[in-house]
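Colleague: Each chain, written out:
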Amino acid sequence: MMNLAWIVPLFPLGSFILLLLFGQRWKQASAYVGIAATLLSLLLAFAVLVDRLGGSTYEANWTWMTLGDVTLTAGISVTALNAWMLVVVALVSWLVHVYSQGYMAGDERFSTFYAYLGLFTFAMLGLVLSPNLLQAYIFWELVGLGSFLLIGFYFYKEEAKAAAKKAFIMTRIGDVGFFIGMMLLFWQTNSFDYDDIFRAVGDGTLSPGMTMLAAILIFIGAIGKSGQFPLHTWLPDAMEGPTPVSALIHAATMVAAGVYLVAALFPLYEASHAAMMTVAAIGGVTAIFAATIGLVQTDIKRVLAYSTISQLGYMMLALGAGSYVAAIFHLTTHAFFKALLFLAAGSVIHAVHTQNIEEMGGLWRRLPWTAPLFLIGALSISGVPLFAGFFSKDEILAAAWTNGPRLLFWLAVAAALLTSFYMFRLFFLVFAGKARRHEDAHEAPASMVAPMLVLGVLSIASGYMQTPWFGSFLGEWLTDGTYHHEAAPGWIAVIATVVSLAGILLAWLMYGAQKMPRDWLSARVPYIDELLRRHYYIDDIYRFTVVALVSFISRLLAYVDRFLVEGLARLAAGIVGAAASAGSRGQNGQVQTYGAVTVSGLAILVVIFALTGGYWL
Amino acid sequence: MTFLSLLVFSPLLGIVLLMFVRKTDAKMIQWLGTAATVPPLILALFAFIQSGRGFRLEQLDEARDWVRLTDLPFLTDTAYVIRYELGIDGLSLVFIVLTAVLATLAAVASMLVKTEKKGFFLWLLALEIGMLGVFAAANFVWFFLFLEVTLVAMFFLVGKWGGFERERAAYGYLLYNGLGSALLLVVIAVLIARTGTANFALLHEMLHNPVAQGQWIAPLTEEGRRWLLGGLLLAFAVKLPAVPLHRWLIRVHVEAPPPVVMLHAGVLLKIAAYGMIRFGVGLFPDEFRAFAGAIAVFGVINVLYGALLALRQRELKHVLAYSSVSHMGVVLIGLGALNEAGIQGAVFQSVAHGLISALSFLLVGVLAHRMGTTDINRLGGLAKAMPLFSGYLLTAALALLGLPGMAGFVGEFTSFLGLFQTKPALAAAGALGLIFAAVYSLKAILDITFGRACDRQEAVVGWRDPQVSAASLGELQGGVVDLQAKEAVPAFILVALIVAVGVYPQLLAAPLDAVVETMMNGLGG
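Taken in order, these protein sequences are the chains called A and B.
According to UniProt numbering, the first sequence is numbered sequentially starting from 1.
According to UniProt numbering, the second sequence is numbered sequentially starting from 1.
Pulled out of the complex, with its shape left as it was, chain A reads as follows (with noise of 0.2 angstroms):
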């Protein structure tokens, strides 16, 4: 099965074809188009993982172009990882076309944002086939695509556009980085391909500067893609889009790319300590830096985009700290239960159509099947033992502890009890207490509850792929049979359910028993509160530097166009006329004038054929 993996990213490519093409006479039944190509994805997917359960590497190369003696190549490439992150992705995508058929229903443009949908789960699948940095790239950009123009989906609101142009323009920036950090491995290793790239590694072609810099310059592209600091600015505001396409890309699969390239390229980062440590402090900063903004959101899908931020810094410290497993395990269990938050909030949405928080309460009752679910969610990510996010996170602060600095550790530890703090605020301000307003909540159709149904049976099964009690079969199986799991101390798991449950108790002193005052925080510290609320000013500061200058210089050129460059241009036709008039002032008809310039025309013609012997140059 693993030779026709290559078919596995076309069915949802032909689905946005059609769609395209024929989705404005379909209507409603476009989705059905988009349900089917992608369940024809998702069981070829599971077919290849079974296939490569027991079998080898599968890869297969098709010239792209020829430059002289270098040829470029496309092609397939099924390994572990590539198999598991192609089930991932199918099947969420899946799950959320479902899901979407009842939550866009009535949308005038139902189909085109079922063709969107399908050119990304294209583009998503291909970028986790891809055997070489150029087509990751490719497909890199393709899923950027797609998340653009899902965000602008609703194209009329002025900030779902400046959210889908900001998502674009920010992760480009970071793109730009894994270019030219791409380039530079080219020439060194004359490949794009991975496999070249860690022989060259491997055997010392490529010397350890080099390596540390296209490591580094590659991974500014994953700082771009995974919302990590400090280019995560575009996330948050990319919850214009549709709820759906928020657990799809914004928190399942597109900006998990950034922890698979770096995942995908391990070898690279692992021959470089300085690369590593980047990485490892990158993603230590962000969980904790977006886990405090994540605090004082009021839109529920601002505390969940903040909330993904800090889960993806999770995974990025993981691989910093040398644990490729934890990583992928935890960008498992997160596509999970992240999916299943974003859609269950996008029930709730559905419901009692706002997003803030504060406005809605009491919805326990009213929406039988989606609390519950929310709340299984929620347990999930907070760390809660049983549910998956707990064995996922405990990896990651178990690798962390063994091989991170302390200082990360820590702040893991600390962005583990904001997490859990967070969350159940969420929940008890949307679930708990009295319902404020929207006595006509009702929960939604079968349609959007059965996909939130298997993600919360996932969002607890999916961690005992690997524990400490049952044994590590994810590990073992990506790692193809050399994986040991890290001796950690047995108090790490401690802590980390202590620190979940003191999160869920001080969330429910102050938001569900309303036993401690909301404004503890702002009444005591109120700029620390405003710094938050405000997002650190990353975005003003932004507008004051980069912004400003690169205005500023644009200006400058501006004025360099109009009145230097225009003005020479206007000196050199102002000479050419005045010699125009001066030759013409010598045509006056006095042959005597004529004779005396063809005498000294000859004159200087003779002196320089004299002087050069005619070879001049």
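Note that these hints are calculated values from the structure, not bench results.
Check before you lean on any hint, since a few could be wrong.
Here are the computed lysine-lysine pairs in the BS3-like style, where the Cα-Cα straight-line distance is at most 27 angstroms [claimed, not checked]:
1) B:K114 / B:K27
2) B:K118 / A:K157
3) B:K118 / B:K160
4) B:K486 / B:K384
5) A:K27 / B:K384
6) B:K486 / B:K23
7) B:K384 / A:K166
8) A:K515 / A:K434
9) B:K443 / A:K166
10) B:K118 / B:K23
11) B:K118 / B:K27
12) B:K486 / A:K27
13) B:K486 / B:K118
14) B:K114 / B:K486
15) A:K157 / B:K384
16) B:K160 / B:K384
17) B:K160 / B:K114
18) B:K27 / B:K486
With beta-carbon atoms standing in for the labels, derived distance ranges [what the hints assert, rightly or not]:
19) B:V186 / A:R199: 51 to 61 angstroms
20) A:A603 / B:K160: 42 to 52 angstroms
21) A:R524 / B:V480: 52 to 62 angstroms
22) B:V480 / A:L556: 51 to 61 angstroms
23) A:D539 / B:Q484: 36 to 46 angstroms
24) A:T205 / B:Q484: 51 to 61 angstroms
Think of the CB as a built atom: it goes at the ideal place given N, C-alpha and C, for glycine as much as any other residue.
Guided by the hints, dock chain B onto chain A, whose structure is given.
Modeller: Positioned in the frame of chain A, the structure of chain B alone reads:
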């Protein structure tokens, strides 16, 4: 064999037939004018397909005696004989196909031109002959003759059918390009005087082969060669254009009627790229090496300068004009790299930019026709009223910013790949242009199609395009019409070509391979 003559001069038939059509019969003129561009298209595609199947293009060479400049007894028979010579290789073929395709599409797009249609099509077809001839010429004299045909045709097309400042734009065009041509003429004259021939192949032979050096009428010193190459490069730098010689381009982009800009940005600018490759790298490879660094620097300057200025513009045509400057910088970057990747990249980028700018200006023409303005400040939210048009416009923006999977990426990627081998730091600086490209294209296009809908009345008041006839102004008072089938077809073809080249660049790389390899051998690398 007269295949090439037929290819180049077949639009002449249309010109002759058009003479007999009444001036007022707009429908007939449109139909005939478009049909006249089809024969070269068919022939060009035929040649392209045949060469892909292994047909050797040298078999198409043709030559006839034309003029003999001198009859001195001590000279050999061939000296100072200027013949009518046409001949193509993979490089010229790529450009010929591009020209033929864009000429047909521009003719279709000319349906939006309402005034003096007959004269318009006469000049348009003359322009096509000139462009095809430039790429098919096998000697310098004919290259130059065809080049001047394009110059004259463009001058009238801009000067007569352009916007309000059309005459200024036309004279600016003539002045800059005339000076470029004059310089080129000097170089050509010196070469012919010294070698006694204008034929590319013979010149190539004489410049490279020590044995053939004996045939020189008067040898050329190293320094002389460098001067000639410098002159060539400067002449083509005006036509590319390289900053700071670009001001004429901005005016032409803004003032010329959109179908003419499709050809101008699509093909005419590429003549410069073609000239730099064919004559610069082809005839003076060793001397070119000395200029490569400077060319790459100018390329990076072009990329950044054009992109940064495009950021500020609030008139769509200005945005596209500066983006042309920026994209032509990528051609220079490829040439400055002076390796296989770079030179192929320069050609890819030329073709890509040709297709993309044709698409952009096709849509600009429609926009000007519908809304009476291309001023971004007066537009907004068009996606609601014109979803299909907006979709195409967004596609054009994505192509413009070099999205992978589209032609622009292939051009940029390959050119940069070339420069990263020779000058990585410079290339990295140029790569910043990729960010600015995303900013200016998205900013301009999203402000037109996304967001709140503009007040259409206000847009109409701002109309300034004389091509917008009173009739279409009346049309404006009613509902805005989305892209019509006859406009959508050329747009679709362009998008299909852009995607085809982007997805499978080997389509273009295959015919270029042999040519680039020969050049690389000339470079001794």
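Colleague: All hints are to be evaluated individually against the structure, with a verdict given for each.
Modeller: The hints, checked one at a time:
Between the alpha carbons of B:K114 and B:K27 the distance comes to roughly 11 angstroms, so the proposed pair stays at or under 27 angstroms and holds. Distance hint between B:K118 and A:K157 is unfulfilled; the C-alpha atoms sit about 45 angstroms from each other, more than 27 angstroms. Under the criterion of a C-alpha separation no larger than 27 angstroms, the hint pairing B:K118 with B:K160 is consistent with the structure, at around 12 angstroms. With a C-alpha separation of about 21 angstroms, the suggested pair B:K486 and B:K384 falls inside the 27 angstroms cut-off, and the hint holds.
A threshold of 27 angstroms between alpha carbons decides the hint, and for A:K27 with B:K384 the separation of about 17 angstroms falls inside it, so the pair holds. Taken as a hint, the B:K486 and B:K23 pair is honoured in the structure, with Cα atoms around 23 angstroms apart against an allowance of 27 angstroms. A distance of roughly 22 angstroms separates the Cα atoms of B:K384 and A:K166; the hinted pair therefore holds under the 27 angstroms criterion. The suggested pairing of A:K515 with A:K434 holds, with an alpha-carbon distance near 16 angstroms, which does not exceed 27 angstroms.
Between B:K443 and A:K166 the alpha-carbon distance is near 10 angstroms, which keeps this suggested pair within the 27 angstroms criterion. Annotation: proposed proximity of B:K118 to B:K23 holds, straight-line Cα distance about 6 angstroms (limit 27 angstroms). With a C-alpha separation of about 10 angstroms, the suggested pair B:K118 and B:K27 falls inside the 27 angstroms cut-off, and the hint holds. The suggested pairing of B:K486 with A:K27 holds, with an alpha-carbon distance near 25 angstroms, which does not exceed 27 angstroms.
Between B:K486 and B:K118 the CA atoms are separated by roughly 20 angstroms; this keeps the pair inside 27 angstroms, and the hint holds. Distance check on the hinted pair: B:K114 and B:K486 sit about 16 angstroms apart at the alpha-carbon level, within 27 angstroms; holds. The straight-line distance between the Cα atoms of A:K157 and B:K384 is roughly 11 angstroms, inside the 27 angstroms bound, and the hint therefore holds. Pair hint B:K160 plus B:K384 does not hold up; C-alpha atoms about 35 angstroms apart against a cutoff of 27 angstroms.
As the CA atoms of B:K160 and B:K114 are separated by approximately 12 angstroms, the hinted pair is consistent with the 27 angstroms bound. Simply put, B:K27 and B:K486 have alpha-carbon atoms about 14 angstroms apart, close enough for the 27 angstroms limit, and the pair holds. B:V186 and A:R199 have their C-beta atoms about 54 angstroms apart, which keeps the hinted 51 to 61 angstroms range intact. At about 46 angstroms, the CB distance of A:A603 to B:K160 agrees with the hint of 42 to 52 angstroms.
Range check, A:R524 to B:V480: Cβ separation about 57 angstroms, and the 52 to 62 angstroms hint holds. Judged by the Cβ atoms, the range 51 to 61 angstroms given for B:V480 and A:L556 is violated: they are separated by roughly 38 angstroms. For the pair A:D539 and B:Q484, the supplied restraint of 36 to 46 angstroms holds, since their beta-carbon distance comes to about 42 angstroms. At roughly 58 angstroms, the beta-carbon separation of A:T205 and B:Q484 lies within the given 51 to 61 angstroms, and the hint holds.
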